[in-house]
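Novice: Each chain, letter by letter, is given below.
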Amino acid sequence: MMWTITLKIARYKPGEPARTDTFQVSIDPERTVLDSIEKIWAEQDRSLVFRHACHHASCGSCAMVVNGVEILPCIKLIKDVTKPGGTLIIEPLHNFPVISDLVVDMGPFFERMQIVKMPIVGPADPLPNQEPNEYNRFDDCIECGMCLSACPVVATDSKYLGPAALAAAYQILSSGDGNLSAQAWEAVDGEHGLWRCHVAFECSAVCPSNVDPAGKIMALRRRMTVERIRHLLGLGSSKKKREK
Amino acid sequence: MPPVDSTSESKAYPGQSGRLPRRQVWRWFAFAKRSLGTWGFVLNRVAGLGLVVYLMLHLVVLSLLTRGPDGYNAFVALAHNPIFLLLDVVLIAGIIGHGLNGLRVALIGSGILVRWQHQMLIVLGVLGVVLLAIAAFLVFRI
Amino acid sequence: MTSTQKSHSAIVIGGGSTGAAVAHDLALRGFEVTLVERGEIASGTTGRNHCLLHSGGRYCVNDREAGIECIEENMILRRIMPDCMELNGGLFAAFDDADMDYLPLLIEGCQACEIPYKKLTGEEARRLEPYLSPQAKAALWVPDGVFEPMRMCMAFLATAKANGAKVYPFTQVEELLMEGTQVTGVRVWNRIANRRYNLHAQIVISAGGPWAEEIAAMAGIDVPVIVAPGVMVSMTGRYSQHVINRCNKADDGDIIVPQRETSIIGTSSWTVDDPDYIDIPEDHVALMLDRGSQMIPALKQASSRGVFTVARPLIGREGEDEREVSRTFECFDHDEDGIGGFVTISGGKTTTARAMAEKTVDIACRKIGLDVPCRTHETVLLSYRAFYTI
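Protein chains in written order, with my numbering: chain A, 137 to 380; chain B, 7 to 148; chain C, 7 to 396.
Chain A on its own, in the form it takes in the complex:
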């Protein structure tokens, strides 16, 4: 079974005005949104640029906005986002600088992840009935940038550290003896750090990998609030803990 669907794709080339191109493509609805875009590239317009690599939600490179919501098109089936004869409006991630068509510059995102320095591989939980062990695995966060695109705070504070990096900071602090560098602390607890979040929870809503950044930001706040109250009451200094 094949569906014919319409894709309205945001186009932009440096030095030219932005525009929207309309393509029709015939595709099996069991295939993914990314497949439909790749098919358009292969059969209709080779000048279309978009990012993709792993096609199974592991590399995080293909994130884009489809019908107003951030998705990973590599795991989103056509049948789940439209109907026969339907239309998909495809845009690059919001908030990031657009390089060309659907490609955005992820540099600012990775600068943030570099500051916090989250290890991408950490301990794996034992499976049910498995003896405690020292297996490891890649972290849930695939660094796709969708949380920064969906966050209403990033939209107006472009220096906000953002959900992914703040969630990473919490992850580091709550893992064993993990601690953050002075630079990371400055970013996390600074003017554009965790207190900027306005609890829209949109990052957790769009996250394709169950990171729940909003939940982690709130947990981080609780941790720091408790620490500060303890400090106020003279029950041990939060500063000391940081310098450790």
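Careful: at least some of the hints might be erroneous.
To be verified - Think about it this way: if two alpha-carbon atoms lie no more than 27 Å apart in a straight line, the pair counts; the simulated DSSO-like pairs of lysine-lysine are:
no. : chain 1 : residue 1 : chain 2 : residue 2
1   : B       : 39        : A       : 215
2   : A       : 295       : B       : 39
3   : B       : 17        : C       : 172
4   : A       : 149       : B       : 17
5   : C       : 125       : C       : 255
6   : C       : 172       : C       : 12
7   : A       : 144       : B       : 39
8   : A       : 219       : B       : 39
9   : B       : 17        : C       : 12
10  : B       : 17        : A       : 253
11  : B       : 17        : A       : 295
12  : A       : 215       : C       : 306
If you are wondering where the hints come from, they were derived from the structure by calculation, not from laboratory data.
Could you slot chains B and C onto chain A? The hints should help.
Specialist: Then chains B and C, alone, in the frame of chain A:
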């Protein structure tokens, strides 16, 4: 912290610098496709801005007092007009909405009941509507 | 130009694992390197691979050369990019009599290729991996691992960039520039800016994987590449810590790679002509689920998270059985075809990308009379994140 929308030369795509996204205050309100949390976020923006505007108007009205009792009395007579009463109800809606959701935000923001943020919004929303109905009844009975 | 200008220059075509490793090796040996890739880094074969850091166990019985390459490179990659892999080992599990018959062959192969192994009883294997089918009669532990192909390319390229290489994604080669029988550069289409221009270098190295044939044809050369796609199915949920291999000769759906909270079942194999867009045969997906759940029955109840297909480049002539073609790589110095300044590297696997690069850059150095040893096996790579920030 480098801004997300930095337009300096891209490191991943040498020779290219990205197009700056437009100033995006409007996206605070682009909540149609968004989750309930964003609706709460938008509610607080709208109600907050509305309350600020009200405060300004309130000060203007109070300043009538400096011109003697006549002007102020005339305004108070006007304020018994049903349209004005309706505006009062809108004001109360803003206070209730902003206040209750502010309570929720403060709780979540301190790491309390985070997992129930969604349900809290619904419960507080229902509570807000009930409170508003009572308030409207009282306003129009006067 | 500046004093940093280098005396030797090379253009690398292709930003998959091979191209990335070649660019890194060239930069380390003092070349001025320009890498062009027609799409995003790792958007072709590399990105879509099975994410399996081979121990060589899969190949050691039938293809000793590939087996030895794998275990050597496996050990090197652990050293040079240690922060970017799940290193939990792999099991070759035997479930029926045919599998049990294969086990001694596998052990013999591991010995011949010097792959470390440990024999486990079925009970021991199930204690390690509770989701393994109760049918498991025995298993062989080998040092398999799991990586992320795109991040691996980024790590190679970040390091190459730190050593002066220029990396241009979305820049497609449309023509090889020739002076007589000498390749002197490439004409590219920069798809970001929609502009076309020429780039020049002493040596052009094609690391185009399944597209290597198309690139070589621009110089009138025939490189024998078979495009053999395989289907993989990523299932929601992690059902093992080890890579689970079926203890038998390579067949459809005989490997389950755990990655993050998913399990990737692969792979099948057939051949196509055009690697640009490959349709997924629906029956292959069912086959993966069926074969995968023979090893881990719980996968039958799991939901599929993604289905994808990858265009493997195999070196061989059309008509050869693609399962029998060696999985080793081949480097072509096109001096032998009467064309100078041009080298093609294709075949192989992402696990062996570094070795492929070493051999290719050895040839490139020989061609221009340069005697610099390879250091990639001892050079720890930068974080993949640095690709975006330097």
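Novice: Confirm or reject each hint.
Specialist: Verification of the hints:
no.	hint	in the structure
1	39(B) x 215(A)	holds (18 Å)
2	295(A) x 39(B)	holds (25 Å)
3	17(B) x 172(C)	holds (10 Å)
4	149(A) x 17(B)	holds (18 Å)
5	125(C) x 255(C)	holds (18 Å)
6	172(C) x 12(C)	holds (13 Å)
7	144(A) x 39(B)	holds (18 Å)
8	219(A) x 39(B)	holds (18 Å)
9	17(B) x 12(C)	holds (22 Å)
10	17(B) x 253(A)	holds (19 Å)
11	17(B) x 295(A)	holds (18 Å)
12	215(A) x 306(C)	holds (22 Å)
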